[in-house]
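Could you put the whole structure together from the sequences, leaning on the hints where they help?
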Amino acid sequence: NAGVMQNPRHLVRRRGQEARLRCSPMKGHSHVYWYRQLPEEGLKFMVYLQKENIIDESGMPKERFSAEFPKEGPSILRIQQVVRGDSAAYFCASSPGPGELGYTFGSGTRLTVV
Amino acid sequence: SQQGEEDPQALSIQEGENATMNCSYKTSINNLQWYRQNSGRGLVHLILIRSNEREKHSGRLRVTLDTSKKSSSLLITASRAADTASYFCATDKAAGNKLTFGGGTRVLVKP
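Chains as they are written, first to last, in this note's numbering: chain A, 1 to 114; chain B, 1 to 111.
It is worth saying that the hints were derived from the structure and are not from the lab. Glycine is no exception: its CB is placed at the ideal position from the N, C-alpha and C atoms. Treat the hints with caution; some may be incorrect.
[As the list claims (entries may be wrong)] If you anchor each label on the Cβ, the simulated ranges turn out as follows:
(1) B:A81 - A:E63: 33 to 39 Å
(2) B:T20 - A:R22: 37 to 43 Å
(3) B:A10 - A:K71: 44 to 50 Å
(4) B:D66 - A:R64: 40 to 46 Å
(5) A:G97 - B:N22: 30 to 36 Å
(6) A:P70 - B:R41: 27 to 33 Å
(7) B:P111 - A:N53: 48 to 54 Å
(8) B:S12 - A:L38: 21 to 27 Å
(9) B:A82 - A:R20: 33 to 39 Å
Here it is in structure tokens:
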């Protein structure tokens, strides 16, 4: 039973390009969460999704960032027109759903904007 | 400042000593969890304590929770060099909900 899979592990983008980060939840988990971690800091919540539905996007910047979790396939965090300040580690977690324990994190995608 | 702040920010100890770190939070919680993160790696779940629990043990780990003070502590006994990592507390208002993390305590265990 594979854990939460994130890819790519490392991503380098030039300023102005788009970054797409993928997250496949654990088998049986239908809820996905994205977090961002700046160097030497804790994780900051970005967005919480269920299949085809955004539950909570209160931590997501209003511009350039979007997330989806389609019926089929992985969850995608998309950052348009990246800037240097977007450089961070982006972690995805999945869970079976509200009221359920078993929150599991992926290994993260480290985005570097040059 | 944010929900979930760890204290101290950094801790350096000798192998075999105990390491204690604290976490404070601001709003009511359902669960509090502790995670470990090795440099450049993902998070490893260590232990979860529910709001109606006061103490929990797992191997060399001991976690306490004081909801009246909105604080928790993590004790690592008989530390090893392999315990060198950053430790984060995270709270939720309901299981399966988003987690709010503190800034972490960086622990260095010297052999």
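Inset, instruction - Could you say whether the range 30 to 36 Å given as a hint is met by the Cβ separation of A:G97 and B:N22? - result: The hint (30 to 36 Å, Cβ to Cβ) holds, given that A:G97 and B:N22 are roughly 31 Å apart.
Legend entry - Range hint 40 to 46 Å (beta carbons of B:D66 and A:R64) holds or violated: For B:D66 and A:R64 the Cβ distance comes to about 41 Å; the hint holds.
Inset, instruction - Using the beta carbons of B:A81 and A:E63, state whether their distance is inside 33 to 39 Å or not. - result: Given a distance of about 45 Å, which is not inside 33 to 39 Å, the answer is violated.
Inset, instruction - Using the Cβ atoms, figure out if B:A82 sits within 33 to 39 Å of A:R20. - result: holds (35 Å)
Inset, instruction - Could you check the hint for me, namely that B:P111 and A:N53 are 48 to 54 Å apart, CB to CB? - result: holds (50 Å)
Inset, instruction - Can you let me know if the beta-carbon spacing of B:T20 and A:R22 is within 37 to 43 Å? - result: holds (39 Å)
Inset, instruction - Mind checking the hinted window 21 to 27 Å against the Cβ distance between B:S12 and A:L38? - result: holds (23 Å)
Inset, instruction - Starting from the hint 27 to 33 Å, judge whether the C-beta atoms of A:P70 and B:R41 obey it. - result: For B:R41 against A:P70, whose Cβ atoms are near 28 Å apart, the range 27 to 33 Å holds.
Inset, instruction - May I ask you to test the hint 44 to 50 Å on the CB atoms belonging to B:A10 and A:K71? - result: At roughly 45 Å between Cβ atoms, A:K71 and B:A10 fall inside 44 to 50 Å, so the hint holds.
Checked against the numbered hints given earlier, this structure breaks only hint 1.
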